[in-house]
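K.L.:
The chain contents come next:
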Amino acid sequence: MNELFSELKQAIIDGDEDIVEELSQKVIDESINPVDAVQEGLIKGIEVVGELWKAGEVFLPDVMMSAEAMKVGLGLLEPEIAKLGMSEGESKGKIVLGTVEGDIHDIGKNITGAMFTAAGYKVFDIGTDIKAEDFVLKAQEVGADIIGASALLTTTMSAQKQIIDYLIEHNLKDQFKVFIGGGPTSQAYADEIGADGWAESADEAVALADRMLAK
Amino acid sequence: MLPKYNVLTEEQVLIIHNESIKILEEIGMDFEYEPALKVFRDQGLKVEGNRVHFTREFIEGKVKLAPAEFTLHARNPEHNLVCGGENIIYMPGYGAPFIQLADGTRRKSTMQDYENIVKLAGASKNLHMTGGTVAEPQDIPDEIRHLKMIYSSIKNSDKCFMGSAEGRERAQDSIEMAALLFGGKDVIKEKPVLISLINSLTPLKFDERMLGALMAYAEAGQAVVVASLVMAGSTGPAALVGTLALQNAEVLAGIALAQSINPGTPVVYGSTSALSDMRTGSLSIGSPETALFISASAQIARFYGVPSRSGGGLNDSKIVDAQAGYESMMTLMAASVTGINFVLHTAGILQYFMAISYEKFMMDDEMAGMLLHYLKGFNFDEDGLAYDAIAKVGPGGHFLTQKHTRKNHKKEFRTPQLSDRAAFDAWSKEKLDTNQRAHKQWQEVLANYVPPALDENIDKKLLEFIAQRS
Chain A
1 MNELFSELKQ
11 AIIDGDEDIV
21 EELSQKVIDE
31 SINPVDAVQE
41 GLIKGIEVVG
51 ELWKAGEVFL
61 PDVMMSAEAM
71 KVGLGLLEPE
81 IAKLGMSEGE
91 SKGKIVLGTV
101 EGDIHDIGKN
111 ITGAMFTAAG
121 YKVFDIGTDI
131 KAEDFVLKAQ
141 EVGADIIGAS
151 ALLTTTMSAQ
161 KQIIDYLIEH
171 NLKDQFKVFI
181 GGGPTSQAYA
191 DEIGADGWAE
201 SADEAVALAD
211 RMLAK
Chain B
1001 MLPKYNVLTE
1011 EQVLIIHNES
1021 IKILEEIGMD
1031 FEYEPALKVF
1041 RDQGLKVEGN
1051 RVHFTREFIE
1061 GKVKLAPAEF
1071 TLHARNPEHN
1081 LVCGGENIIY
1091 MPGYGAPFIQ
1101 LADGTRRKST
1111 MQDYENIVKL
1121 AGASKNLHMT
1131 GGTVAEPQDI
1141 PDEIRHLKMI
1151 YSSIKNSDKC
1161 FMGSAEGRER
1171 AQDSIEMAAL
1181 LFGGKDVIKE
1191 KPVLISLINS
1201 LTPLKFDERM
1211 LGALMAYAEA
1221 GQAVVVASLV
1231 MAGSTGPAAL
1241 VGTLALQNAE
1251 VLAGIALAQS
1261 INPGTPVVYG
1271 STSALSDMRT
1281 GSLSIGSPET
1291 ALFISASAQI
1301 ARFYGVPSRS
1311 GGGLNDSKIV
1321 DAQAGYESMM
1331 TLMAASVTGI
1341 NFVLHTAGIL
1351 QYFMAISYEK
1361 FMMDDEMAGM
1371 LLHYLKGFNF
1381 DEDGLAYDAI
1391 AKVGPGGHFL
1401 TQKHTRKNHK
1411 KEFRTPQLSD
1421 RAAFDAWSKE
1431 KLDTNQRAHK
1441 QWQEVLANYV
1451 PPALDENIDK
1461 KLLEFIAQRS
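Keeping their order, the protein sequence lines are chains A and B.
Yeah, the first sequence ends on 215 if you go by my numbering, and it's all consecutive.
Yeah, the second sequence ends on 1470 if you go by my numbering, and it's all consecutive.
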């Protein structure tokens, strides 16, 4: 059984979602404890990737493929954990990520999602062209700590403010931290619209979340 | 004029062409705009949802309809530009949301910045047109930004400028304003005055905003640059040839759409393909790979017989430093010597398109001047051979007191505008580096610039139009 977990861990490090899928299915088929598979296999693997990244030993595609593989494994094992009425254990935090309404650029958001995954966060990527209301609904549904909103165009930045306005309007502002990012955004803009966090790169966004949620 | 050099063999160009055709036939492209899909359906192409499957015959036939060169008309006919052939057109950077200041700080760009850069481009001897969205005026509401920008481009210079690509409606506003300036839509349909930047959404998509603008301009007979920015490694493969094939497929599809709407629409083959840095994922434009994409794009456009757009003073540096200089010279030179015709982003760009800097603008203007001089090549007439002067001086002696020298150096040598050639001691008095010299220079140029007068009647009509549309 230990061997299966170390194989899972290695498959995450290798970013091989096919093998992760195969091994996760094996966990289910052989009625192995899915919580252990997540904790001892998937999470151990992504931790290694996160450390390698920090050390500058792996590149972005490595991290992103590991994060994808992680998603595949969790996609199979989480329903099983829920079915068995077990608890998955605590993640570092939950973040709902999306690109704002009117904007369809998603590379930056995807990189950020992968970095948060590699850092041990639970990421809910809700896609592009997302209305303020839908960010908030998803955040409420999953009990998110952070709402992360991306915008690449000067013409869609205002939609980041709409999320904050929506939260204020519905008395929800203190329930979530709102992070914004994207090419034309800045710390000054984040301050102006009342966002809790801004970062220029995915790495910095993770570091900021670490600091903010630790408080 | 120096001959343009090639980086691909004829066979390699054909391979890229065939790969692009295979992409367009077998994978197809998404067009998120019903009127564009209708055009393709009417042309007999297979359209499923937003996905259009092209055929070799269609693409090759349509691209043949695009003119090899065209004239872009300016308010002052002396500034009319021929786009295509051996010609090169330099202009400012496009679309940056920030201004990087000489002291190292960065702020949002404003309408005042837009106006200043139009004026600096208007005053430049090396920039042929004033470009478009030279700074994103973030202090102006989005809905009327395009109107203010077009007006500023018209009012502050009599060189050619660009129209808005922000959807059909704003393209139409641009066309209306150009028609007011040039005497009617019929006039400009015969003589294109606007050129606009239509970008694909890599990989293999065009969005509604860009398609709406493309269709409006094509219908009005105005020129469009159809450009693709593949970020190799993220929005495209981590392979140079594969990236070129992907870019080429997108640009060909856009050109084919323009030609289907209005055969003979002036188009420019555009490329800004570059890299995704594999550590940060960010766009990296000041790279040797970008220079290869630029060079190959010039050649691929020649293969199709259409003008090309690429290059510029591209760099990833944050400030006006050595990196900004050496990266920009590599990409601007690659564009210039391989035969790119329309060089958007020639001047001002820093931070992979995110910022414009006035100081960088002056530095790039100097580089543009250096390259224009370089491109002139050699003079082989009697003055160029200078045998008589050589004979007169003979062995020993010097040429400084020769009439030939006094006269000919003005033709053959270029005097720098910004570079410092003083001796060390003379330089040491003020110790100004390039950034500091450029900082002084742009303020002087701006203070001395007088915009060419605009006909009062036309001015009034333009202002009325803006008031009515605001």
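Careful, some of the hints might be misleading.
With a straight-line cut-off of 27 Å between C-alpha atoms, the simulated DSS-like cross-links for lysine-lysine are [what the hints assert, rightly or not]:
1) A:K9 x A:K83
2) B:K1148 x B:K1064
3) A:K54 x B:K1411
4) A:K177 x A:K54
5) A:K161 x A:K83
6) A:K131 x B:K1155
7) B:K1108 x B:K1440
8) B:K1062 x B:K1205
9) B:K1148 x A:K161
10) A:K177 x A:K138
11) B:K1119 x B:K1064
12) A:K161 x B:K1108
13) B:K1062 x B:K1038
14) B:K1125 x B:K1411
15) A:K177 x B:K1108
16) A:K177 x A:K71
17) B:K1185 x B:K1062
18) B:K1108 x A:K131
Where chain B lies over chain A, by a calculated footprint (3+ residues, C-beta under 8 Å) [to be verified]:
19) 57 to 63
20) 105 to 112
Since the hints were derived computationally from the structure, they do not count as laboratory data.
We put the beta carbon where it would ideally sit given N, CA and C, even for glycine.
K.L.:
All hints are to be evaluated individually against the structure, with a verdict given for each.
P.N.:
To see whether the hints hold, each was checked on the structure:
The straight-line distance between the Cα atoms of A:K9 and A:K83 is roughly 23 Å, inside the 27 Å bound, and the hint therefore holds. At roughly 37 Å between alpha-carbon atoms, B:K1148 and B:K1064 are farther apart than 27 Å, so this suggested pair is violated. In summary, the hint linking A:K54 to B:K1411 is not supported, as the alpha carbons are separated by about 57 Å, beyond the 27 Å threshold. Between A:K177 and A:K54 the alpha-carbon distance is near 25 Å, which keeps this suggested pair within the 27 Å criterion.
Proposed proximity of A:K161 and A:K83 is contradicted: the alpha carbons are some 39 Å apart, above 27 Å. A hinted pair counts as satisfied when its Cα atoms are at most 27 Å apart, and A:K131 with B:K1155 does not qualify at roughly 39 Å. Simply put, B:K1108 and B:K1440 have alpha-carbon atoms about 21 Å apart, close enough for the 27 Å limit, and the pair holds. Under the criterion of a C-alpha separation no larger than 27 Å, the hint pairing B:K1062 with B:K1205 is consistent with the structure, at around 19 Å.
A hinted pair counts as satisfied when its Cα atoms are at most 27 Å apart, and B:K1148 with A:K161 qualifies at roughly 25 Å. Note on A:K177 and A:K138: the hinted pairing holds, with a Cα-Cα distance of about 14 Å set against a maximum of 27 Å. Distance check on the hinted pair: B:K1119 and B:K1064 sit about 38 Å apart at the alpha-carbon level, beyond 27 Å; violated. A C-alpha spacing of about 17 Å is found between A:K161 and B:K1108, which places the hinted pair at or below 27 Å, so the restraint holds.
For the proposed pair B:K1062 and B:K1038, the alpha carbon gap of about 16 Å is at most 27 Å, so the pair holds. Among the hinted pairs, B:K1125 with B:K1411 is consistent with the structure: their alpha-carbon atoms are about 16 Å apart, no more than 27 Å. With a C-alpha separation of about 25 Å, the suggested pair A:K177 and B:K1108 falls inside the 27 Å cut-off, and the hint holds. Using a Cα cut-off of 27 Å, the hinted pair A:K177 and A:K71 holds, with the two alpha carbons roughly 23 Å apart.
For a cut-off of 27 Å, the pair hint linking B:K1185 to B:K1062 stands: about 25 Å separates their Cα positions. Our distance criterion of 27 Å between C-alpha atoms is met by B:K1108 and A:K131, whose separation comes to about 25 Å. With 3 residues having a beta carbon nearer than 8 Å to a beta carbon of chain B, the segment 57 to 63 of chain A meets the requirement of three or more and the stated coverage holds. Note: the segment 105 to 112 of chain A has 3 residues with beta-carbon separation from chain B under 8 Å; the three-residue rule is met and the coverage holds.
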